[in-house]
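Enquirer: Fit chain B to the given chain A structure using the hints.
Here is what each chain is made of, one letter per residue.
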Amino acid sequence: MTAATIQRNRPSGFRISKRVLPYVLSLPALLVCIGILIPFLTSVVYSFQRYRLSQPWARQVNWGDNYISFFTDPKFWNTLKVSLLYAGTTVVLELLLGLAIALLLQKRSTLNNFISIMLLMPLMTAPALAALMWKLMTNPGFGVLSYLASLIGLQDFRWASSPSTALFTVVLVDIWVYTPFIMILLLAGLRSLPTQPFEAAALDGVPRSFVFFRITLPMLTPYILTATLFRLLDSIQQFDIIYAMTQGGPGDTLTVFQVEAYLNFFQSTNVGRSAALMIILWAITYFLSNIFIKNWLRLRERARGQA
Amino acid sequence: MHEKEKDLIDAFLRGQVDRRGLIKGLGAMGLAAGTAGTLLNLGQTRALAADFDWQAHKGKTIKLLLNKHPYADAMIADLENFKKLTGMNVVYDVFPEDVYFDKVTAALSASSPEYDAFMTGAYMTWTYGPAGWITDLNEWIKDPAKTNPNYAWDDILPGVKSSCAWNGKPGGALGSEDAKQWCIPWAFEQNNITYNKGMFDKAGVGVPGNLDEMITTAAKLQKDIGSGVYGIGVRGSRSWATIHPGFLSAYSNFNEKDLTVSADGKLSAAMNTAGSKAFHAKWVQMIQESGPKDWSTYTWYQVGTDLGAGASAMIFDADCLGYFMNGGDNKMAGKLAYAAFTANPEAKASTPNIWIWSLAMSNFSKDKDATWYFLQWASGPEHGLFGATKMDFVDPVRQSVWKDEMFREKLNKSYPGYVEMFDASAAGASIKFTAQPLFFDLTTEWAATLQKMVAKEVPVDEGLDKLAESINGQLREAGLG
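Sequence order for the protein chains is A and B.
Each residue of the first sequence is one higher than the one before, starting from 1 at the first, in the working numbering.
Each residue of the second sequence is one higher than the one before, starting from 1001 at the first, in the working numbering.
Isolated chain B, as found in the complex:
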């Protein structure tokens, strides 16, 4: 590397030059973007290695279990840098999402030492943690001998970080003082609106400002656009995954809860309050009037592809789903826009429930220290910036990455409104569920009840009373209620 280029990169890594200045400077030196990127990577690797013994586990191999996802692709694309930095080898298995979590459950429940670390969601750790399958990562995060001083743990968005920490007590607050850090947040998804600008213009409607407006806007869009286009896409399959995105984000914005925790720590269902019933009635009405005809089979995939294909006018789902549908070969690429959504007219801001793709360490890993080296690198600021600027690591959890000008410019250029949407709702973004080990039982039954209500098999009031009764029974049976 020439001295001038080296000096410029070092100045950038010291924070004396911003990213724009760096690229401009390297350009002036006649370096192409690709070469500049390579040099930057080399510089970052050097900077990382300067303050910490990254070579402590040189020669060791760790194995990962990964879900097929653009975030995993971003990590794989950067793996060579980790290998160079540490002298470690990394091997991995990648499974499609349909079978991924079954594979994780099978591997962990069998106490298999095959995988050292794996991708997970925070909800899953409410099962894996108490079962003793994963490790409390505080032991490593808080150990300066094992963690790079530049790791900047506090750089991770507080709501996201605390959502991955739980003390293991059913109903215990996420991120409490005694919480165990079951996983490291990696990237997350806020649930907001992605909409088709052209269709909104054609129907002469604006972005809905609350749930009532969403219902009327979706109905008007469906009526005015015609051609089989439906008003709003939300998930509807008989699965926990139907409850956690748009539905719970709107529900919690009305201060409604899934469960109530009593003073003595007992849990009870909170879905049949008057407020909850009113909310459910509106949600059901919205789907009946303006949702997809086969809503009860809809997963994130159908919700997303319909928007990308121009079959729906808007979705209330993961923001990154809207991101991916706005690019690639999608028919509606470049025609989508984003908006934070505040369902409750009396609420001050959007409070989306979030899905957090995280990294967890298997308790059966043969070399946890070496595994931690990988985890801290993969969740570190350098890799986050690499994924965000060079790959589709859309919703990084680090504040420093969100402040990065190149990343914001990249989003603003191709995905207008995405950054504003993020900024408007990030502060209120966190997991809104009550942490407890029956999470999947209760949310799957909740989704099944929602299906019955939308299909008019049961009235909303009666359906929610029955749901609450059933959930209370299950909580009692499990010794939680």
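This is chain A alone, in the form it adopts within the complex:
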């Protein structure tokens, strides 16, 4: 095909100047951003209003009153504490468990591949359904877990219905559902690590614990950070498991951000307070994401420098 042919076949009406082209290319991203920003900015506006659907006549801008009332309310600090505790506990435990399972399944074999696929099953279960399933299993009358607990001497273990064990129970469900996510991410990381450092260490007779802490773990850190970031952001916004199992109870034991915001909007129709809670949650997740992303970038830079 000659240059003249190409010239002839080029459509004449769709010429975009080089100055405009970058804006056109970024248009889809801009549209997505607008789709996210409009509800976000609406929430920000609502959060500065006294806005209850059942009292439309009382709607007015109250500036920071919603936030001030939260910061002076012990119930809000309990919500913050429970949310962070829940997120921290689930992420740490899931990370430890996920890493341990990934290490066990690191070697490629038919059995390991089969097990890793089977372990993904809980991740395919909707969290709300998983919570209902666990609710049945922990029923003191006929639940299999209550029966097993009684075998080890825990005759009257109340699981999610007691303030002292409710957090433990929902954390257990979260671990069951989400550990496979961490496991699969870290397994992919482990299997993609270069083999040379490990072969060299084996030749030098380096102890396995040294290899793990000085070679495997540092090289796996970007994967761990990514998995942690995803899980932390998801975990601090947990709703389904907690609401399906306890509705935030007993008492105020599990009134995490999302449960509080949901109840404020759908039960109390208090749009202002619900929006303010969501904005505070957004600020927390933004702060945490920044820390993780900065660390992740720092590690990437260090890896490039070493290369």
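Worth flagging that the hints you see were computed from the coordinates, not collected in a lab.
Be careful, since some hints might not be right.
Said to hold, decoys possible - With a straight-line Cα cutoff of 30 Å, these simulated DSSO-like cross-link-like pairs (lysine-lysine) come out:
{"no.": "1", "chain 1": "B", "residue 1": "LYS1456", "chain 2": "B", "residue 2": "LYS1220"}
{"no.": "2", "chain 1": "B", "residue 1": "LYS1348", "chain 2": "B", "residue 2": "LYS1366"}
{"no.": "3", "chain 1": "B", "residue 1": "LYS1456", "chain 2": "B", "residue 2": "LYS1180"}
{"no.": "4", "chain 1": "B", "residue 1": "LYS1068", "chain 2": "B", "residue 2": "LYS1293"}
{"no.": "5", "chain 1": "B", "residue 1": "LYS1466", "chain 2": "A", "residue 2": "LYS81"}
{"no.": "6", "chain 1": "B", "residue 1": "LYS1266", "chain 2": "B", "residue 2": "LYS1293"}
{"no.": "7", "chain 1": "A", "residue 1": "LYS75", "chain 2": "B", "residue 2": "LYS1293"}
{"no.": "8", "chain 1": "B", "residue 1": "LYS1366", "chain 2": "B", "residue 2": "LYS1068"}
{"no.": "9", "chain 1": "B", "residue 1": "LYS1277", "chain 2": "B", "residue 2": "LYS1180"}
{"no.": "10", "chain 1": "B", "residue 1": "LYS1410", "chain 2": "B", "residue 2": "LYS1161"}
{"no.": "11", "chain 1": "A", "residue 1": "LYS75", "chain 2": "B", "residue 2": "LYS1403"}
{"no.": "12", "chain 1": "B", "residue 1": "LYS1456", "chain 2": "B", "residue 2": "LYS1466"}
{"no.": "13", "chain 1": "B", "residue 1": "LYS1331", "chain 2": "B", "residue 2": "LYS1277"}
{"no.": "14", "chain 1": "A", "residue 1": "LYS75", "chain 2": "B", "residue 2": "LYS1331"}
{"no.": "15", "chain 1": "B", "residue 1": "LYS1197", "chain 2": "B", "residue 2": "LYS1366"}
{"no.": "16", "chain 1": "B", "residue 1": "LYS1257", "chain 2": "A", "residue 2": "LYS75"}
{"no.": "17", "chain 1": "B", "residue 1": "LYS1142", "chain 2": "B", "residue 2": "LYS1220"}
{"no.": "18", "chain 1": "B", "residue 1": "LYS1084", "chain 2": "B", "residue 2": "LYS1142"}
{"no.": "19", "chain 1": "B", "residue 1": "LYS1403", "chain 2": "B", "residue 2": "LYS1083"}
{"no.": "20", "chain 1": "B", "residue 1": "LYS1257", "chain 2": "B", "residue 2": "LYS1083"}
{"no.": "21", "chain 1": "B", "residue 1": "LYS1223", "chain 2": "B", "residue 2": "LYS1335"}
{"no.": "22", "chain 1": "B", "residue 1": "LYS1293", "chain 2": "B", "residue 2": "LYS1456"}
{"no.": "23", "chain 1": "B", "residue 1": "LYS1161", "chain 2": "B", "residue 2": "LYS1146"}
{"no.": "24", "chain 1": "B", "residue 1": "LYS1466", "chain 2": "A", "residue 2": "LYS75"}
{"no.": "25", "chain 1": "B", "residue 1": "LYS1083", "chain 2": "A", "residue 2": "LYS75"}
{"no.": "26", "chain 1": "A", "residue 1": "LYS81", "chain 2": "B", "residue 2": "LYS1456"}
{"no.": "27", "chain 1": "B", "residue 1": "LYS1257", "chain 2": "B", "residue 2": "LYS1277"}
{"no.": "28", "chain 1": "B", "residue 1": "LYS1293", "chain 2": "A", "residue 2": "LYS81"}
{"no.": "29", "chain 1": "B", "residue 1": "LYS1456", "chain 2": "A", "residue 2": "LYS75"}
{"no.": "30", "chain 1": "B", "residue 1": "LYS1413", "chain 2": "B", "residue 2": "LYS1197"}
{"no.": "31", "chain 1": "B", "residue 1": "LYS1060", "chain 2": "B", "residue 2": "LYS1390"}
{"no.": "32", "chain 1": "B", "residue 1": "LYS1348", "chain 2": "B", "residue 2": "LYS1403"}
{"no.": "33", "chain 1": "B", "residue 1": "LYS1282", "chain 2": "A", "residue 2": "LYS75"}
Expert: Chain B alone, transformed into the frame defined by chain A:
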């Protein structure tokens, strides 16, 4: 239709022959029950159409939002009659109760014209009404041009009817002169005792006559029956739904209130009076001693299924829950009995708080007149009788349906004691809460406090004082206190 059969049905519809006589007569003419029912429906449709222009909105379609419930099933089963009567079409969406009210809130708060009418509870109208999401139905009820002369509005139980009417003023009395009829009562639930006869006999106990007796009876049942059976089932989840059934029915029987309304219309918490504290202490003791171990997760579903499965000896909850557990595939089907409950030994009668499944009209409906045609048919005496006698429309709101011999016989035959229970408490049945827009905030917090008291996280006195303080703060913040 043959003339003799037609005459007999017409005589029934004119009130000259009772239902028993009608069925007997049709039987003598060699008609099977199914055929007789069909003929009766045809006759009723004809009678309805005789005095009123039911075809005024012929060709129009309305859309309903329904909760998955036996009452909705009864209505759906009878929809063809409405379509034939009016020439209208009806479409509907049915959602399970777990998400139903979220769906209603989402649709109404978005001013969506998708649904013309929907099922609701009276408590919800305290939010929907002031928000401008639903219509005051007095405009239609009181308009003879739009309402069938045989609609018999006054046939609806007065306490139930007035419970669905509120003037929109926080603390305003339900059913007051200036009240708006936010919804039409459809069927309701009284909170009374349903108990396992066999277990009561085995433990040698009678039906408790007041709260103290309920506490001791439940404890004795739990001790004597054994096998993990607990004494009494009541709701305990962190939700408004824990407060409104047995708990508030007993509480109000002691003349205790949720809120106090001052002369200038300001509201304040009334849960920390001496009487309220004494009541709470007893209620908490009862749950601690004889309630389910995981009480704090109990909704109506667990309360009901435990009774049906023989895991509890009695419940103090919605009467229809006891009805449904006494049939079907339930292990205890046919073994349950019913009793009205008067918690206060000094009270003369039972005064149950009630849940009312009602029908409301969306303010965003595109054709309110057509929607009203559906509402008046669905809440009318004919459909009520159809649901009560042929389906599981257990607690109809119409007095005429409760007087119907076939309905009473149906209940007496399969659910002994149900009618007596209803008769004993219907007169005192009404909503005992103070109508105000923070209903869900306050009752959810009340339930959370109850959970803390049962879990011994906080003593009853201290818990109620803190609850009252918090509620007063919320009322002030909302400009109500």
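Enquirer: State for each hint whether it applies.
Expert: These are the hints, each one checked on the structure:
With a CA separation close to 23 Å, the supplied pair B/LYS1456 and B/LYS1220 stays within the 30 Å bound. The hinted pair formed by B/LYS1348 and B/LYS1366 fails the criterion: a straight-line CA distance of about 49 Å is larger than 30 Å. The suggested pairing of B/LYS1456 with B/LYS1180 is violated, with an alpha-carbon distance near 43 Å, which exceeds 30 Å. Restraint check for B/LYS1068 and B/LYS1293: satisfied, since their Cα atoms lie roughly 29 Å apart, inside the 30 Å limit.
Only pairs whose Cα atoms come within 30 Å are accepted, and B/LYS1466 paired with A/LYS81 is accepted, the gap being roughly 21 Å. Annotation: proposed proximity of B/LYS1266 to B/LYS1293 is violated, straight-line Cα distance about 40 Å (limit 30 Å). The suggested pairing of A/LYS75 with B/LYS1293 holds, with an alpha-carbon distance near 26 Å, which does not exceed 30 Å. Under the criterion of a C-alpha separation no larger than 30 Å, the hint pairing B/LYS1366 with B/LYS1068 is consistent with the structure, at around 25 Å.
With a C-alpha separation of about 35 Å, the suggested pairing of B/LYS1277 with B/LYS1180 is violated against the 30 Å cut-off. For the proposed pair B/LYS1410 and B/LYS1161, the alpha carbon gap of about 25 Å is at most 30 Å, so the pair holds. For the hint pairing A/LYS75 with B/LYS1403, the CA-to-CA distance comes to about 52 Å; that exceeds 30 Å, so the pair is violated. This hinted pair checks out: B/LYS1456 and B/LYS1466 have alpha carbons roughly 15 Å apart, not beyond 30 Å.
Simply put, B/LYS1331 and B/LYS1277 have alpha-carbon atoms about 38 Å apart, too far for the 30 Å limit, and the pair is violated. Pair hint A/LYS75 plus B/LYS1331 does not hold up; C-alpha atoms about 43 Å apart against a cutoff of 30 Å. Between B/LYS1197 and B/LYS1366 the CA atoms are separated by roughly 52 Å; this puts the pair beyond 30 Å, and the hint is violated. For a cut-off of 30 Å, the pair hint linking B/LYS1257 to A/LYS75 stands: about 25 Å separates their Cα positions.
Of the supplied pair hints, the one linking B/LYS1142 and B/LYS1220 is violated, its CA atoms being roughly 54 Å apart against a limit of 30 Å. Annotation: proposed proximity of B/LYS1084 to B/LYS1142 holds, straight-line Cα distance about 25 Å (limit 30 Å). Our distance criterion of 30 Å between C-alpha atoms is met by B/LYS1403 and B/LYS1083, whose separation comes to about 28 Å. Between B/LYS1257 and B/LYS1083 the alpha-carbon distance is near 45 Å, which puts this suggested pair outside the 30 Å criterion.
Restraint check: the Cα-Cα separation between B/LYS1223 and B/LYS1335 comes to about 20 Å, which is no more than 30 Å; the hinted pair holds. Using a Cα cut-off of 30 Å, the hinted pair B/LYS1293 and B/LYS1456 holds, with the two alpha carbons roughly 14 Å apart. At roughly 20 Å between alpha-carbon atoms, B/LYS1161 and B/LYS1146 fall within 30 Å of each other, so this suggested pair holds. Our distance criterion of 30 Å between C-alpha atoms is met by B/LYS1466 and A/LYS75, whose separation comes to about 12 Å.
For the hint pairing B/LYS1083 with A/LYS75, the CA-to-CA distance comes to about 53 Å; that exceeds 30 Å, so the pair is violated. In summary, the hint linking A/LYS81 to B/LYS1456 is supported, as the alpha carbons are separated by about 21 Å, within the 30 Å threshold. For the given pair, B/LYS1257 sits about 12 Å from B/LYS1277 by alpha-carbon distance, which is consistent with the 30 Å threshold. In summary, the hint linking B/LYS1293 to A/LYS81 is supported, as the alpha carbons are separated by about 27 Å, within the 30 Å threshold.
Of the pairs offered as hints, the one joining B/LYS1456 and A/LYS75 holds, with about 19 Å between alpha carbons and a cut-off of 30 Å not exceeded. Taken as a hint, the B/LYS1413 and B/LYS1197 pair is honoured in the structure, with Cα atoms around 16 Å apart against an allowance of 30 Å. For the given pair, B/LYS1060 sits about 28 Å from B/LYS1390 by alpha-carbon distance, which is consistent with the 30 Å threshold. Between the alpha carbons of B/LYS1348 and B/LYS1403 the distance comes to roughly 24 Å, so the proposed pair stays at or under 30 Å and holds.
This hinted pair checks out: B/LYS1282 and A/LYS75 have alpha carbons roughly 27 Å apart, not beyond 30 Å.
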